[in-house]
Amino acid sequence: SHNLQSPSDILLLYPPSITLPLMEALSRCRADPPPPTSAIFSPLAFILIGREDLASMEQINRGLQRNPKPRSPMARYLGSTGGGNGVPSSSSSSSHPNPNEEEDKDGLSSMELFSSMLFPNDTRIHEAGRLLRSSRPLFLRVARAVEISDHDYERVKQARLLLLCRRAVSLPLGRGMLTFGSIKPMVADPLPIPDLCLAGRVPPNDATLQLDTSSCPDDMTVWPEFHNGVASGLR
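Numbering-wise, the numbering used here puts 160 at position 160 of the sequence shown, and it's gapless, one number per residue.
These aren't lab readings, by the way, just hints derived from the structure by calculation. Values in this document were obtained by computation on a predicted structure and should not be read as measured data. Among these hints, one or two may not hold up.
Claimed, not checked - The calculated label-pair distances, taken between Cβ atoms and stated as ranges, are:
no.	residue 1	residue 2	range
1	A143	T208	18 to 28 angstroms
2	T221	P185	22 to 32 angstroms
3	S214	V142	16 to 26 angstroms
4	Q210	V230	24 to 34 angstroms
In this text, a Cβ means the ideal position worked out from N, Cα and C, and glycines have one as well.
With these hints in hand, go ahead and build the complete structure from the sequences.
Structure (structure tokens):
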């Protein structure tokens with residue numbers, strides 16, 4: 001009755017006492033789902049447990065002419081554009097964009113979801129994607145002493161953010177190796193290039209703090225932007 005379409009909907013609707021067993025059930029169903037030919041699960045049920053590949057097979061079995069729009073990046077790997085060999089095409093990733101889904105320009109979210117279906121108990125790809133993602137604000141937590149002023153505290157946060165950003169601009173090198181050959185681009189389609197985010201996410205309200213680049217060299221992001229483009233081209 002609540003029209004659940006993703007695990008995040010369960011987290012928002014129900015308390016933890018109900019959410020935990022439901023998430024455990026989704027995890028077990030995802031690892032060992034019923035076959036699409038059994039007609040036990042509907043296509044939306046397969047999408048809810050994160051098995052959009054089986055949802056597509058179920059829709060074919062039911063003779064549907066139109067596929068629903070999946071809510072996860074795994075839609076890049078489905079056969080809506082003929083990419084049924086496990087390697088997505090660049091046109092399939094942009095043919096039916098979901099406005100509610102963050103665009104996966106770096107290709108890490110797609111790889112995480114695809115690998116989790118093949119290896120549900122192996123989180124190494126997920127951890128590598130988390131470490132190599134440079135398109136999102138960095139988590140910035142700076143302890144504040146009682147005697148420090150607001151001005152000095154902002155200087156401390158900027159100094160800490162500068163260290164994190166220097167690490168973040170080197171991440172495209174590793175991302176290029178991780179996502180090498182992960183898509184089949186069309187000749188006329190532009191390659192998606194993720195942003196190099198020089199901003200921090202400050203708890204507890206996740207406010208965004210931009211890096212003050214006035215004291216940084218003018219060419220601070222020249223080579224990182226080059227490496228970022230090369231990493232996108234290696235996909």
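Note whether the CB distance of Q210 and V230 lies within 24 to 34 angstroms or breaks it.
26 angstroms, holds
Given the range 22 to 32 angstroms, decide if the beta-carbon distance of T221 to P185 lies inside it.
Taking Cβ atoms as reference, T221 and P185 lie about 25 angstroms apart, which means the hint holds.
Taking 18 to 28 angstroms as the stated bounds, is the beta-carbon spacing between A143 and T208 within them?
Since A143 and T208 have Cβ atoms about 20 angstroms apart, the given range 18 to 28 angstroms holds.
Quick one: are S214 and V142 within 16 to 26 angstroms, going by C-beta?
20 angstroms, holds
Comparing the model with each numbered hint stated earlier shows that all of them hold.
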